[in-house]
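Chains as they are written, first to last, in our numbering: chain A, 1 to 465; chain B, 1 to 465.
Careful, some of the hints might be misleading.
Quick list of simulated restraints, FRET-style, between CB atoms [as the list claims (entries may be wrong)]:
id : chain 1 : residue 1 : chain 2 : residue 2 : range
1  : B       : K157      : A       : A58       : 50 to 58 Å
2  : B       : Q386      : A       : Q115      : 51 to 59 Å
3  : A       : G276      : B       : K157      : 31 to 39 Å
4  : B       : D12       : A       : W364      : 23 to 31 Å
5  : A       : E122      : B       : G161      : 41 to 49 Å
6  : B       : Q211      : A       : S284      : 17 to 25 Å
7  : B       : R357      : A       : A26       : 24 to 32 Å
Derived from the structure by calculation, the hints contain no laboratory data.
Virtual Cβ for every residue (Gly too), placed ideally from N, Cα, C.
2 protein chains.
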Amino acid sequence: MVEEENSIVKPDNVELVIEALHSGSAERIQAVAEEVHPGDVEVAFERLDDAVRSEVLAKLPSDLLAEWADYLPAADVERRLSTLPRVEQREVLNSLSDDELVDLLQEMEEEDRPQFIELLPEDKRRVSEDLMRYPEETAGGRMTTAMATISEGLSVKAALGELEALREDAEILSRIFVIDSERRIKGIVRLRELAFSTWDTPVTELMNKDQMTIGAMEDQEEAAQMVARYDLMALPVVDEENRLIGVITHDDALEILEQENTEDMEKISGIGGDHGEQAYLQTSVFTHFKRRFGWVLVLAFLALISGWVMHAYEDVLTAYFVLAIYLPMVVAAGGNTGGQAATMVIRAMALGELDTREFRRVIWKEARVGILMGSLLAVCVVIQIQFLLPSRLIPESLSTFAVALVVGVSLVAQVFTSTLVGAMLPVGAKLARLDPAVVASPAITTLVDVSGCIIYFSIAQLVFH
Amino acid sequence: MVEEENSIVKPDNVELVIEALHSGSAERIQAVAEEVHPGDVEVAFERLDDAVRSEVLAKLPSDLLAEWADYLPAADVERRLSTLPRVEQREVLNSLSDDELVDLLQEMEEEDRPQFIELLPEDKRRVSEDLMRYPEETAGGRMTTAMATISEGLSVKAALGELEALREDAEILSRIFVIDSERRIKGIVRLRELAFSTWDTPVTELMNKDQMTIGAMEDQEEAAQMVARYDLMALPVVDEENRLIGVITHDDALEILEQENTEDMEKISGIGGDHGEQAYLQTSVFTHFKRRFGWVLVLAFLALISGWVMHAYEDVLTAYFVLAIYLPMVVAAGGNTGGQAATMVIRAMALGELDTREFRRVIWKEARVGILMGSLLAVCVVIQIQFLLPSRLIPESLSTFAVALVVGVSLVAQVFTSTLVGAMLPVGAKLARLDPAVVASPAITTLVDVSGCIIYFSIAQLVFH
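Same shape as in the complex, but just chain A (with noise of 0.2 Å):
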């Protein structure tokens, strides 16, 4: 990867965005909106100082919101919409997209949401009070439900009678839905078969009958892989009845993926909580602390065990003080190899490379790698103590040769060790059906801290007495 990826969206157009912002001049703004796309005022919305940005949504002309709103956070928009009079609000409800709709009625106190609802014309209302019933981070939750569908047995002519209604509508045209009277999926055909076969063609002889589907009660993120899988344009959701009630479209997936893997890496890095909408600047101080502060206090106390090890064997440290020199080495060797083993798990399993099944296989290839890296660094820092370790740290007791072993023996246990560790934790995670991400790294470095401080001393005590 290279510096330039970082900037993702022509910059010049978020600058401009911010700059009209900060001008806070209505015409700018107005003009700059008309330059550019609405994904380039989200990158700028998340870019703004907190002040500024709440100044900017309360004088966000109502059409401009109603524009914006599919891209920005579902509070700010609730934020802005509140103040709006009626007329306006209802403006901006029907601009949204109906998933971007349950998201922000999802977003809202319960108590606020009906007088929001009975603004929606009858259909909007129906879909999202239908959507509502699935949880957030359900595929029924993320779906659209403005897919094309027509009925079964017609000829291609009428088919495309059918479809003509919905052109405007439909967030994905090129995959249509063939349903029977009970919506359940017959077939799919794709707009280019229509639109280049003659007017008399059934439409049977076009579609593809195996279809692809997935429960409206199933997890996001695995709608999200299987349209990475399969290479799907958009995904058909069905209910408990197998019903076509909505789709999850190319786009909803990505954005399913990116915010799952901020998840896992801020799980792996012992931050708590869900991502939320927010942007990092856009998070207050205090809600950074809330998220991060849960594992650095247990962590800490947790700590406290590997103290209490270098304390119980007080008389050997300081009988042998140039203990205390490789000490850190050994303990920081199993958090890092420790921390690099649940990583590759975490990830493999994520990307459904790797399942329970293969626990074992798991175990027995990083029990090699472990071992391989123990041994390696353990012959480098051997070579370190014996010619480079000033003799003067040694007391006469003690040879070079008897040091030397102690820390090149204490590296291959607790590397050893630590990989396995590692590696067993996030799958155990998984067998007692939890998220194999919870295995923070930090947690892992903590527990290897203390097996390395007893690995140390108590080798040290066996070859030095």
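Since chain A is already given, all that's left is putting chain B on it; use the hints.
Chain B in isolation, oriented as in the chain A frame:
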């Protein structure tokens, strides 16, 4: 995230494939192949034992290889391909989508390429030679040339006529690029617009003129991020003269982002090199070792510095051995908070939420988070010391308060500096035009281990003497 999320594909299908492959019976494999999606085969191969895998590959009939080639790792395809007779090689190569074909050619040794390239039909040969001019990680290296284009100034009828020829080959037909004689993009028209307009409508009236394009030499991740940001179905890729040469499709974008996310997670955990196409179980122990050992070795020797610091404070530590109990806590608190801060900033940058311009605001936010966490942690620990630390552990010369003071102040200082370091290093890397994720959190941990020791012991010296 719930447990189910990791059973990405209907496991029965994957199971079916695995069994069939294990059975080794050509008929069973053939039969299953007709049942399942190649995506299931991909997963099955990721989960096969290396032994079984190479055995299966060795016997894989060329028609199945042709069918699956787009979904198998290029290295595997090449291995099998090289053992096939020329005529079957040609069959397989022709079945590959051109981006996968280029991927395959780039995988193999320079000298092997010509013999395969000469098997290609004229057009595929020209295309692959064009594509190979672009490095693998660029937009040009990842694009497909199978997009739909029509010349400008056509009527809908004429346009559909031109498209009919492409309907089979075009990967994305729902976005059609209107180009001039120089292949410069004049606009984009959606198939639905053509399908539902009268035949004599000029395409110019239907097309959308503002074009979003990316240069062929830009980073592939930037292309993927644009697809995500702007909800694109296909992002046009242009050469130096701004001529349309290919597109990055929505499914390419998904693949790229997953790959880049994996690399970020690995970098953050101190795993080097590219993740490559191989799945976890497919990667050899030695490759795993090579990717992880570098950091482990470097950090082990960096940890020696902490060791020397401890050794330098021998008299303080031995005189007040109670310090040993809280040493690991002070040190670990720094590693954990620094790692959290680094992950937060690295991810925010990868998502484009942050740029180096926001440097000062990041520091200001993290400074406050650090102070908050450090202070609250210190309070908890001071209480623990005051009420739970057995007084027999405290030398006569010291008061419990003195100990509490040293530990508390050290924690605040350590957490504060570590949080700042964790946030500043990735931004620094970015300013140095490096990938922010190279600042692996193990490196930060090792770094703040040193500062932690120094802070802790120097404060102790100050207070106790």
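Hints and how they fare:
no. : hint                         : result
1   : B/K157 to A/A58: 50 to 58 Å  : holds (52 Å)
2   : B/Q386 to A/Q115: 51 to 59 Å : holds (53 Å)
3   : A/G276 to B/K157: 31 to 39 Å : violated (51 Å)
4   : B/D12 to A/W364: 23 to 31 Å  : holds (26 Å)
5   : A/E122 to B/G161: 41 to 49 Å : holds (43 Å)
6   : B/Q211 to A/S284: 17 to 25 Å : violated (39 Å)
7   : B/R357 to A/A26: 24 to 32 Å  : holds (26 Å)
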